[in-house]
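Engineer: Sequence:
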Amino acid sequence: MSRILITSALPYINGIKHLGNLVGSQLPSDAYARYMRARGHEVMYICATDEHGTPAELAAAKAGKPVAEFCADMWQVQKDIADGFRLSFDHFGRSSSDRNHKLTQHLAVKLWEAGLIEEITESQVYSNADGRFLPDRYIEGTCPNCGFENARGDQCENCTKQLDPTDLINPRSAVSGSTDLEVRDTKHLYLRQSKMRDQLDAWIDTKKDWPILTTSIAKKWLHDGDGLQDRGITRDLNWGVPVQFDGAPWSGMDGKVFYVWFDAPIEYIAATAEWADAHGKSDADWERWWRTDAGADDVHYVQFMGKDNVPFHTLSFPATIMGSGEDWKLVDFIKSYNWLNYEGGKFSTSQGRGVFMDQALEIMPSDYWRWWLLSNAPESNDSDFTWESFQAGVNKDLADVLGNFVSRVTKFCRSKWGEEVPAGGEYGAAEDAVIAEIGKRLTAYQTHMESIEIRKATAELRAIWVAGNEYLQAAAPWSVYKEDPEAAAAIVRFALNLIPLYAVLSEPFIPDAAAAMLTAMNAEGTKWPDDLPNAMAALAPGHAFTTPDVLFTKIADETREALEARFAGE
RNA sequence: GGGCCUGUAGCUCAACGGUUAGAGCAGAGCGCUCAUAACGCUUUGGUUGGGGGUUCAAAUCCCUCCGGGCCUACCA
227 MSRILITSAL PYINGIKHLG NLVGSQLPSD AYARYMRARG HEVMYICATD EHGTPAELAA
287 AKAGKPVAEF CADMWQVQKD IADGFRLSFD HFGRSSSDRN HKLTQHLAVK LWEAGLIEEI
347 TESQVYSNAD GRFLPDRYIE GTCPNCGFEN ARGDQCENCT KQLDPTDLIN PRSAVSGSTD
407 LEVRDTKHLY LRQSKMRDQL DAWIDTKKDW PILTTSIAKK WLHDGDGLQD RGITRDLNWG
467 VPVQFDGAPW SGMDGKVFYV WFDAPIEYIA ATAEWADAHG KSDADWERWW RTDAGADDVH
527 YVQFMGKDNV PFHTLSFPAT IMGSGEDWKL VDFIKSYNWL NYEGGKFSTS QGRGVFMDQA
587 LEIMPSDYWR WWLLSNAPES NDSDFTWESF QAGVNKDLAD VLGNFVSRVT KFCRSKWGEE
647 VPAGGEYGAA EDAVIAEIGK RLTAYQTHME SIEIRKATAE LRAIWVAGNE YLQAAAPWSV
707 YKEDPEAAAA IVRFALNLIP LYAVLSEPFI PDAAAAMLTA MNAEGTKWPD DLPNAMAALA
767 PGHAFTTPDV LFTKIADETR EALEARFAGE
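Just so we're aligned, residue 227 is where the first sequence starts under my numbering, counting upward by one.
Keep in mind that a hint or two might mislead.
[Stated by the list, open to error] Below, in silico cross-link-like pairs of lysine-lysine (PhoX-like), each with a Cα-Cα straight-line distance of 25 Å or less:
1. K507 x K328
2. K434 x K446
3. K421 x K434
4. K637 x K622
5. K445 x K533
6. K413 x K328
7. K445 x K434
8. K421 x K433
9. K445 x K433
10. K288 x K305
11. K682 x K622
12. K507 x K305
13. K336 x K413
14. K446 x K433
15. K637 x K708
16. K622 x K780
17. K434 x K682
18. K421 x K446
19. K637 x K305
20. K421 x K445
21. K780 x K637
22. K637 x K572
23. K533 x K682
Hints are computed from structural coordinates only; laboratory data are not their basis.
Given only the sequences and the hints, what does the whole structure look like? Please build it.
Structural biologist: And the structure:
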């Protein structure tokens, strides 16, 4: 048994996430966490809402709520949705927690003491009407290059030219539209990542097994142009972790907060501390996951995220904890995902295009989404959600191959012997062959789960389900029964035993159906099959079960068409 | 502009210098009748985007052209 620390990228607080966000970190990390728990490992699986930054403040204003209240409400919304998808976080925290405030401030002090933070005074655009400094992209105006009237202060979306906000002609606030803007000097803290470039580069070089998507992005940032640039880690905002606090080694930073990308990854650690607090545990209980001087050396730490998050997880967060000089656990493996598209285009919040997590749960049970999304996860490339593919995947894999297998076995048994495992006959060569086949597939499945190749794992799992149908078809107990009921009983006994096996193997992907299968078979405590022949004899003659309801209802063509129309957007 | 990823069967993907390029879905045929008209077997289908090169051997490595996508540091 080993200890495995798993973090899923933090969903941003400003709204409900769509299926692309779900499949890019939360869902695969959950399948991985469930698998590792099933294999008997000690798992700490952490997620949280990422609550700071300008978009949160604007979303709160739009909702007409104070930002703290907005975030608290939206945290609950996201928590409920996560529960609905059966995401098995050990703790779902908040980056606005007291733990994160304290730890973020602590690490900043350590970085300062190590000479890795410096004060820089820079000029930024201030909006008098909005009463706030504006990030570059929240300033709009006419592009000096192409004349496009809605160019943003960081880049013109029309001609793609990189801009400085002061380049814009007739600049205005994207928040209020006000043109009452001025440039003010403001002091900020910068993280001197450039001083850590060689150290980070050498560390990345040791990660030979990381996905190329992960390392190539890190290398690009390390070596592009002048190399890794220092990064401002504070902002002129109200909502966030205050930069000025008792014991801060700097002054004059009142009214500023740490930049969201500085405090958000720290929340991985802080959320584990929140977990300890919530369960009446001591600091030592969370530190053994995170402090290498407190037992975390043998922890295997895996992060899941979409590819947009890679620079922060490969560079700035490691720079933060390495630079602190303290003994924090560094990530061992970064699993990054590409994008999920919707019917050939992008998911779009503003255009109402695509499916959002709350809607998905209203439409179909979570297992349906989990299965389709994980068996089509964008691991090697962007992938495409289509209703047709979703319908085909759910109907074929879940309803026909797995669900119908459970139905045909239990109903046949019920009709001939009643709802208990029949006695008589013995397993023979055919059963040995199935055990051998499943054993081979199971090894492959486990290998793919260990290396976090989720798509390949689902393909093996499906093949294991298929093996049951192949066996039944060849053994044909309905024919054998007429001549030799004892032999038929052995066949059915074997097939019934496949059901709890399938339930346990499938649990990482379809936990609700797995639970329903175990309940029906009266086999709730079934463990991972370390010994397949034993597992196939777990349900002994006379063991009572109940024939389950249909496990997966098929998606009708009319239903699919209605959903296609409903979510087409404009 | 720069960098990275990518293009394989009608569709979604696998194969990561080594037999005859594989699987699921879709299509065709046969079988079974326990089951959610489900299941099983057989089968059609590819000039691996185009062109050139390296090699005994290339989907795989190199060059080039064409197409798709992502990132480019103040959205997160």
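Engineer: Now, for every hint given, state plainly whether the structure supports it.
Structural biologist: Cross-check of the supplied hints:
1. K507 x K328: holds (18 Å)
2. K434 x K446: holds (16 Å)
3. K421 x K434: holds (24 Å)
4. K637 x K622: Distance ~20 Å between K637 and K622 Cα, so the pair holds.
5. K445 x K533: Holds, at about 14 Å.
6. K413 x K328: holds (22 Å)
7. K445 x K434: Answer holds: K445 to K434 is near 13 Å, not above 25 Å.
8. K421 x K433: Holds - the C-alpha atoms of K433 and K421 are around 21 Å apart, at most 25 Å.
9. K445 x K433: Answer holds: K445 to K433 is near 12 Å, not above 25 Å.
10. K288 x K305: Distance of about 21 Å is within 25 Å: holds.
11. K682 x K622: Between K682 and K622 the Cα gap is close to 17 Å, so the pair holds against 25 Å.
12. K507 x K305: holds (22 Å)
13. K336 x K413: holds (20 Å)
14. K446 x K433: Holds, because 15 Å separates the two Cα atoms, which is no more than 25 Å.
15. K637 x K708: holds (17 Å)
16. K622 x K780: Given pair K622, K780 holds - Cα atoms ~9 Å apart, limit 25 Å.
17. K434 x K682: Roughly 21 Å separates the two Cα atoms, so the pair holds.
18. K421 x K446: holds (17 Å)
19. K637 x K305: violated (39 Å)
20. K421 x K445: holds (16 Å)
21. K780 x K637: holds (19 Å)
22. K637 x K572: violated (44 Å)
23. K533 x K682: holds (20 Å)
The structure fails to meet hints 19 and 22 from the earlier list, while all remaining hints are met.
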